[in-house]
Amino acid sequence: MNNRSISEDLFLTHAVRVAPADTPFWYTSGKLGPFYINTHFLVKDEQEANRMLSVIEDSIKEDKLTAPKKIFDEFMKLYQSSESFKNVTDKLVETARKYDFDYISGGERRDFFFSMLPAHILGKPHITIFKDCTAVVTSSEFTSAKTADEATLKGKKVLHIADLITEASSYERAWIPVIRGLGAEITDTVAVIDRHQNGRAVLEGLGVEMETLAGIDKELFDKGLDSNYIDQAQYDLVMDFLADPDKYMKSFIAAHPTFIDDQIALGGKAKERAELAVSKGFV
1250 MNNRSISEDL FLTHAVRVAP ADTPFWYTSG KLGPFYINTH FLVKDEQEAN
1300 RMLSVIEDSI KEDKLTAPKK IFDEFMKLYQ SSESFKNVTD KLVETARKYD
1350 FDYISGGERR DFFFSMLPAH ILGKPHITIF KDCTAVVTSS EFTSAKTADE
1400 ATLKGKKVLH IADLITEASS YERAWIPVIR GLGAEITDTV AVIDRHQNGR
1450 AVLEGLGVEM ETLAGIDKEL FDKGLDSNYI DQAQYDLVMD FLADPDKYMK
1500 SFIAAHPTFI DDQIALGGKA KERAELAVSK GFV
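Heads up, the final residue of the sequence shown is numbered 1532 in my numbering, and it's a clean run with no missing numbers.
Mixed in with the good hints, there may be bad ones.
[Stated by the list, open to error] Lysine-lysine pairs mimicking DSSO-like chemistry, simulated, CA-CA at most 30 angstroms apart:
| # | residue 1 | residue 2 |
| --- | --- | --- |
| 1 | K1405 | K1347 |
| 2 | K1405 | K1313 |
| 3 | K1373 | K1310 |
| 4 | K1403 | K1313 |
| 5 | K1406 | K1373 |
| 6 | K1472 | K1340 |
| 7 | K1313 | K1406 |
| 8 | K1467 | K1347 |
| 9 | K1340 | K1395 |
| 10 | K1405 | K1340 |
| 11 | K1520 | K1499 |
| 12 | K1326 | K1293 |
| 13 | K1280 | K1380 |
| 14 | K1326 | K1340 |
| 15 | K1319 | K1293 |
| 16 | K1395 | K1313 |
| 17 | K1313 | K1380 |
| 18 | K1380 | K1326 |
| 19 | K1395 | K1310 |
| 20 | K1403 | K1318 |
| 21 | K1310 | K1326 |
| 22 | K1318 | K1347 |
| 23 | K1518 | K1310 |
| 24 | K1335 | K1467 |
It is worth saying that the hints were derived from the structure and are not from the lab.
Note that the structure is a prediction, hence the values are computed from the model and not measured.
Build the full structure now, drawing on both the sequences and the hints.
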(Lines of atoms letter the chains of each structure in order from A and count residues from 1; the text may use other names and numbers.)
(Lines give C-alpha, C1' and ligand atoms only; values in the text may rest on other atoms or scores of the structure.)
Protein backbone atom coordinates (compact mmCIF):
# COMPACT_ATOMS: atom_id res chain seq x y z
CA MET A 1 0.00 0.00 0.00
CA ASN A 2 1.45 3.39 -0.90
CA ASN A 3 1.81 6.19 1.61
CA ARG A 4 -0.15 8.79 -0.34
CA SER A 5 -3.22 9.88 1.58
CA ILE A 6 -6.74 9.52 0.25
CA SER A 7 -7.07 13.28 0.71
CA GLU A 8 -4.22 13.83 -1.75
CA ASP A 9 -5.68 11.39 -4.28
CA LEU A 10 -9.08 13.11 -4.04
CA PHE A 11 -7.48 16.34 -5.28
CA LEU A 12 -5.09 14.68 -7.76
CA THR A 13 -7.89 12.82 -9.57
CA HIS A 14 -10.30 15.80 -9.29
CA ALA A 15 -12.66 13.64 -7.22
CA VAL A 16 -12.81 16.80 -5.10
CA ARG A 17 -12.92 19.88 -7.28
CA VAL A 18 -13.03 23.40 -5.85
CA ALA A 19 -14.48 26.14 -8.04
CA PRO A 20 -12.68 29.40 -8.85
CA ALA A 21 -13.67 32.00 -6.26
CA ASP A 22 -16.07 33.85 -8.59
CA THR A 23 -17.64 30.80 -10.30
CA PRO A 24 -19.35 28.42 -7.84
CA PHE A 25 -20.98 25.15 -8.85
CA TRP A 26 -24.71 24.61 -9.15
CA TYR A 27 -25.99 21.66 -7.14
CA THR A 28 -29.05 19.71 -8.29
CA SER A 29 -31.01 21.22 -5.38
CA GLY A 30 -30.77 24.67 -6.98
CA LYS A 31 -28.22 25.84 -4.41
CA LEU A 32 -24.69 27.07 -5.03
CA GLY A 33 -21.56 25.56 -3.56
CA PRO A 34 -17.80 25.99 -3.93
CA PHE A 35 -16.89 22.34 -4.45
CA TYR A 36 -18.01 19.17 -6.17
CA ILE A 37 -17.46 15.57 -5.05
CA ASN A 38 -17.13 12.69 -7.52
CA THR A 39 -15.62 9.90 -5.42
CA HIS A 40 -15.61 7.46 -8.34
CA PHE A 41 -12.97 9.61 -10.12
CA LEU A 42 -10.51 7.86 -7.76
CA VAL A 43 -10.65 4.99 -10.25
CA LYS A 44 -8.13 7.06 -12.24
CA ASP A 45 -9.74 10.21 -13.65
CA GLU A 46 -13.06 11.58 -14.91
CA GLN A 47 -12.80 9.88 -18.30
CA GLU A 48 -12.14 6.41 -16.84
CA ALA A 49 -14.85 6.92 -14.20
CA ASN A 50 -17.42 7.76 -16.88
CA ARG A 51 -16.33 4.79 -18.98
CA MET A 52 -16.88 2.50 -16.00
CA LEU A 53 -20.34 3.95 -15.34
CA SER A 54 -21.21 3.04 -18.95
CA VAL A 55 -19.77 -0.47 -18.47
CA ILE A 56 -21.93 -0.89 -15.37
CA GLU A 57 -25.11 0.37 -17.08
CA ASP A 58 -24.59 -1.69 -20.24
CA SER A 59 -23.76 -4.87 -18.29
CA ILE A 60 -26.87 -4.58 -16.12
CA LYS A 61 -29.10 -3.92 -19.15
CA GLU A 62 -27.70 -7.00 -20.86
CA ASP A 63 -28.05 -9.49 -17.98
CA LYS A 64 -28.05 -8.95 -14.22
CA LEU A 65 -26.60 -12.39 -13.56
CA THR A 66 -23.55 -11.90 -15.79
CA ALA A 67 -23.12 -8.20 -14.96
CA PRO A 68 -21.10 -8.56 -11.72
CA LYS A 69 -18.31 -10.58 -13.39
CA LYS A 70 -18.06 -8.21 -16.38
CA ILE A 71 -17.89 -5.19 -14.10
CA PHE A 72 -15.41 -6.84 -11.73
CA ASP A 73 -13.07 -7.81 -14.58
CA GLU A 74 -12.85 -4.18 -15.70
CA PHE A 75 -12.18 -2.97 -12.17
CA MET A 76 -9.46 -5.59 -11.72
CA LYS A 77 -7.62 -4.21 -14.76
CA LEU A 78 -7.81 -0.72 -13.26
CA TYR A 79 -6.60 -1.98 -9.88
CA GLN A 80 -3.50 -3.28 -11.62
CA SER A 81 -2.84 -0.07 -13.58
CA SER A 82 -4.16 2.89 -11.55
CA GLU A 83 -2.20 3.99 -8.48
CA SER A 84 -5.09 5.99 -6.99
CA PHE A 85 -7.56 3.10 -7.40
CA LYS A 86 -5.16 0.59 -5.87
CA ASN A 87 -4.54 2.99 -3.00
CA VAL A 88 -8.20 3.52 -2.09
CA THR A 89 -9.00 -0.18 -2.56
CA ASP A 90 -6.15 -1.29 -0.30
CA LYS A 91 -7.18 1.22 2.36
CA LEU A 92 -10.79 -0.03 2.22
CA VAL A 93 -9.53 -3.62 2.57
CA GLU A 94 -7.43 -2.63 5.59
CA THR A 95 -10.47 -0.93 7.18
CA ALA A 96 -12.84 -3.81 6.38
CA ARG A 97 -10.55 -6.34 8.07
CA LYS A 98 -11.58 -4.90 11.46
CA TYR A 99 -15.14 -6.14 11.05
CA ASP A 100 -16.79 -9.53 11.40
CA PHE A 101 -18.85 -10.34 8.28
CA ASP A 102 -19.69 -13.09 5.80
CA TYR A 103 -20.54 -11.00 2.71
CA ILE A 104 -19.68 -7.60 1.25
CA SER A 105 -22.45 -5.68 -0.52
CA GLY A 106 -22.46 -2.68 -2.84
CA GLY A 107 -25.31 -0.73 -4.42
CA GLU A 108 -25.79 0.34 -8.04
CA ARG A 109 -23.78 2.15 -9.44
CA ARG A 110 -20.97 3.99 -7.70
CA ASP A 111 -20.66 1.63 -4.72
CA PHE A 112 -19.47 -1.07 -7.13
CA PHE A 113 -16.25 0.91 -7.69
CA PHE A 114 -15.38 0.30 -4.05
CA SER A 115 -17.16 -2.90 -2.93
CA MET A 116 -16.18 -5.48 -5.56
CA LEU A 117 -12.40 -5.57 -5.22
CA PRO A 118 -12.37 -5.67 -1.39
CA ALA A 119 -14.74 -8.67 -1.57
CA HIS A 120 -12.34 -10.40 -3.96
CA ILE A 121 -9.19 -9.56 -1.98
CA LEU A 122 -10.76 -10.63 1.33
CA GLY A 123 -12.18 -13.83 -0.17
CA LYS A 124 -15.79 -12.89 0.66
CA PRO A 125 -18.81 -13.40 -1.58
CA HIS A 126 -20.33 -10.20 -2.98
CA ILE A 127 -23.95 -9.04 -3.04
CA THR A 128 -24.57 -6.79 -6.04
CA ILE A 129 -27.67 -4.72 -5.20
CA PHE A 130 -29.52 -3.03 -8.06
CA LYS A 131 -31.61 0.15 -8.04
CA ASP A 132 -34.81 -1.90 -8.40
CA CYS A 133 -33.95 -3.61 -5.08
CA THR A 134 -33.14 -6.98 -6.63
CA ALA A 135 -29.73 -8.48 -5.89
CA VAL A 136 -27.28 -11.05 -7.22
CA VAL A 137 -24.83 -13.06 -5.10
CA THR A 138 -21.47 -14.15 -6.50
CA SER A 139 -18.38 -15.85 -5.12
CA SER A 140 -15.30 -13.76 -4.32
CA GLU A 141 -14.11 -14.64 -7.84
CA PHE A 142 -17.41 -13.22 -9.18
CA THR A 143 -18.45 -16.60 -10.56
CA SER A 144 -21.41 -18.80 -9.53
CA ALA A 145 -23.86 -15.91 -9.88
CA LYS A 146 -27.38 -16.44 -8.59
CA THR A 147 -30.31 -14.32 -7.54
CA ALA A 148 -30.01 -13.44 -3.86
CA ASP A 149 -32.50 -15.27 -1.66
CA GLU A 150 -33.25 -15.88 2.00
CA ALA A 151 -32.11 -19.51 1.81
CA THR A 152 -28.60 -18.29 1.01
CA LEU A 153 -28.39 -15.22 3.23
CA LYS A 154 -30.49 -15.92 6.33
CA GLY A 155 -28.47 -15.14 9.45
CA LYS A 156 -25.40 -14.01 7.49
CA LYS A 157 -23.53 -10.80 8.38
CA VAL A 158 -23.11 -8.22 5.61
CA LEU A 159 -20.68 -5.30 5.42
CA HIS A 160 -21.84 -2.66 2.93
CA ILE A 161 -19.11 -0.64 1.21
CA ALA A 162 -20.07 2.67 -0.43
CA ASP A 163 -18.50 5.57 -2.27
CA LEU A 164 -20.06 8.43 -0.33
CA ILE A 165 -22.42 8.94 2.58
CA THR A 166 -24.42 12.18 2.47
CA GLU A 167 -27.78 11.81 4.23
CA ALA A 168 -27.74 7.99 3.90
CA SER A 169 -30.96 8.10 1.85
CA SER A 170 -29.91 5.17 -0.37
CA TYR A 171 -29.24 3.07 2.74
CA GLU A 172 -32.61 3.99 4.22
CA ARG A 173 -34.57 3.51 1.01
CA ALA A 174 -32.82 0.51 -0.53
CA TRP A 175 -29.59 -1.08 0.70
CA ILE A 176 -30.55 -1.84 4.32
CA PRO A 177 -34.15 -2.99 3.55
CA VAL A 178 -32.84 -5.29 0.78
CA ILE A 179 -30.17 -6.86 3.01
CA ARG A 180 -32.49 -7.32 5.99
CA GLY A 181 -35.33 -8.41 3.72
CA LEU A 182 -33.14 -11.33 2.64
CA GLY A 183 -32.77 -12.41 6.27
CA ALA A 184 -29.21 -11.10 6.64
CA GLU A 185 -27.79 -8.77 9.27
CA ILE A 186 -26.13 -5.41 8.67
CA THR A 187 -24.62 -3.49 11.57
CA ASP A 188 -21.65 -1.79 9.89
CA THR A 189 -20.79 0.08 6.72
CA VAL A 190 -17.56 1.49 5.34
CA ALA A 191 -17.39 4.33 2.80
CA VAL A 192 -14.71 6.40 1.15
CA ILE A 193 -16.20 9.80 2.04
CA ASP A 194 -18.48 11.22 4.72
CA ARG A 195 -20.09 14.47 3.54
CA HIS A 196 -21.02 15.30 7.16
CA GLN A 197 -24.67 15.91 6.29
CA ASN A 198 -26.34 13.86 9.04
CA GLY A 199 -25.69 10.47 7.41
CA ARG A 200 -24.10 9.08 10.57
CA ALA A 201 -27.14 9.94 12.70
CA VAL A 202 -29.53 8.43 10.13
CA LEU A 203 -27.53 5.20 10.02
CA GLU A 204 -27.31 5.01 13.81
CA GLY A 205 -31.10 5.28 13.89
CA LEU A 206 -31.17 2.25 11.58
CA GLY A 207 -28.78 0.31 13.81
CA VAL A 208 -25.75 0.70 11.54
CA GLU A 209 -22.35 2.16 12.48
CA MET A 210 -20.26 3.83 9.77
CA GLU A 211 -16.55 4.36 9.19
CA THR A 212 -15.03 6.42 6.36
CA LEU A 213 -11.57 7.06 4.94
CA ALA A 214 -12.07 10.83 4.60
CA GLY A 215 -14.59 13.57 5.28
CA ILE A 216 -15.66 16.75 3.55
CA ASP A 217 -14.41 18.91 6.39
CA LYS A 218 -11.85 21.51 7.41
CA GLU A 219 -9.11 18.90 7.70
CA LEU A 220 -9.50 17.86 4.04
CA PHE A 221 -9.32 21.42 2.73
CA ASP A 222 -6.46 22.30 5.11
CA LYS A 223 -4.49 19.56 3.35
CA GLY A 224 -5.60 20.87 -0.04
CA LEU A 225 -4.37 24.36 0.82
CA ASP A 226 -1.08 23.13 2.34
CA SER A 227 -0.37 21.08 -0.81
CA ASN A 228 -1.34 23.96 -3.14
CA TYR A 229 -4.26 22.09 -4.73
CA ILE A 230 -6.42 25.10 -3.83
CA ASP A 231 -5.56 28.75 -3.15
CA GLN A 232 -6.41 30.91 -0.15
CA ALA A 233 -9.45 32.54 -1.83
CA GLN A 234 -10.93 29.12 -2.65
CA TYR A 235 -10.17 27.86 0.85
CA ASP A 236 -11.89 30.85 2.47
CA LEU A 237 -15.04 30.30 0.39
CA VAL A 238 -15.11 26.61 1.31
CA MET A 239 -14.81 27.50 5.01
CA ASP A 240 -17.70 29.99 4.64
CA PHE A 241 -19.78 27.29 2.95
CA LEU A 242 -19.02 24.62 5.57
CA ALA A 243 -19.93 27.07 8.34
CA ASP A 244 -23.29 28.05 6.77
CA PRO A 245 -24.22 26.88 3.23
CA ASP A 246 -27.28 29.15 2.99
CA LYS A 247 -25.39 32.23 4.13
CA TYR A 248 -22.60 31.40 1.65
CA MET A 249 -25.08 31.50 -1.24
CA LYS A 250 -26.75 34.72 -0.10
CA SER A 251 -23.37 36.42 0.38
CA PHE A 252 -22.17 35.31 -3.05
CA ILE A 253 -25.32 36.58 -4.79
CA ALA A 254 -25.10 39.89 -2.90
CA ALA A 255 -21.48 40.30 -4.05
CA HIS A 256 -22.35 39.29 -7.65
CA PRO A 257 -25.78 40.90 -8.29
CA THR A 258 -25.90 40.02 -12.01
CA PHE A 259 -24.95 36.35 -11.48
CA ILE A 260 -28.48 34.88 -11.69
CA ASP A 261 -29.39 36.88 -14.82
CA ASP A 262 -26.05 35.94 -16.39
CA GLN A 263 -26.68 32.25 -15.66
CA ILE A 264 -30.19 32.38 -17.15
CA ALA A 265 -28.76 34.03 -20.27
CA LEU A 266 -26.31 31.12 -20.67
CA GLY A 267 -29.20 28.69 -21.23
CA GLY A 268 -28.98 24.92 -20.70
CA LYS A 269 -28.28 23.47 -17.24
CA ALA A 270 -27.11 26.83 -15.85
CA LYS A 271 -30.45 28.41 -16.79
CA GLU A 272 -32.40 25.48 -15.29
CA ARG A 273 -30.52 25.66 -11.99
CA ALA A 274 -30.79 29.46 -11.76
CA GLU A 275 -34.54 29.34 -12.41
CA LEU A 276 -34.89 26.55 -9.82
CA ALA A 277 -33.03 28.71 -7.28
CA VAL A 278 -35.40 31.61 -7.98
CA SER A 279 -38.52 29.42 -7.81
CA LYS A 280 -37.41 27.95 -4.47
CA GLY A 281 -36.69 31.38 -3.02
CA PHE A 282 -32.97 30.74 -2.53
CA VAL A 283 -32.15 34.12 -4.11
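Results for each hint:
1. K1405 <-> K1347: holds (17 angstroms)
2. K1405 <-> K1313: Status holds; Cα separation ~22 angstroms.
3. K1373 <-> K1310: holds (25 angstroms)
4. K1403 <-> K1313: Given that 30 angstroms is the threshold and the Cα spacing comes to 22 angstroms, the pair holds.
5. K1406 <-> K1373: With Cα atoms ~11 angstroms apart, K1406 and K1373 stay inside 30 angstroms; holds.
6. K1472 <-> K1340: It holds: about 19 angstroms lies between the C-alpha atoms, which stays within 30 angstroms.
7. K1313 <-> K1406: Given that 30 angstroms is the threshold and the Cα spacing comes to 23 angstroms, the pair holds.
8. K1467 <-> K1347: With Cα atoms ~27 angstroms apart, K1467 and K1347 stay inside 30 angstroms; holds.
9. K1340 <-> K1395: holds (29 angstroms)
10. K1405 <-> K1340: holds (24 angstroms)
11. K1520 <-> K1499: holds (18 angstroms)
12. K1326 <-> K1293: Holds, at roughly 12 angstroms.
13. K1280 <-> K1380: Between K1280 and K1380 the Cα gap is close to 26 angstroms, so the pair holds against 30 angstroms.
14. K1326 <-> K1340: Measuring from Cα to Cα gives roughly 18 angstroms; hence the hint holds.
15. K1319 <-> K1293: holds (19 angstroms)
16. K1395 <-> K1313: Since the Cα atoms of K1395 and K1313 sit roughly 9 angstroms apart, the hinted pair holds (cutoff 30 angstroms).
17. K1313 <-> K1380: Roughly 12 angstroms separates the two Cα atoms, so the pair holds.
18. K1380 <-> K1326: Holds - the C-alpha atoms of K1326 and K1380 are around 25 angstroms apart, at most 30 angstroms.
19. K1395 <-> K1310: holds (16 angstroms)
20. K1403 <-> K1318: holds (24 angstroms)
21. K1310 <-> K1326: Satisfied, since the Cα-Cα distance of roughly 22 angstroms is no more than 30 angstroms.
22. K1318 <-> K1347: holds (26 angstroms)
23. K1518 <-> K1310: holds (27 angstroms)
24. K1335 <-> K1467: holds (26 angstroms)
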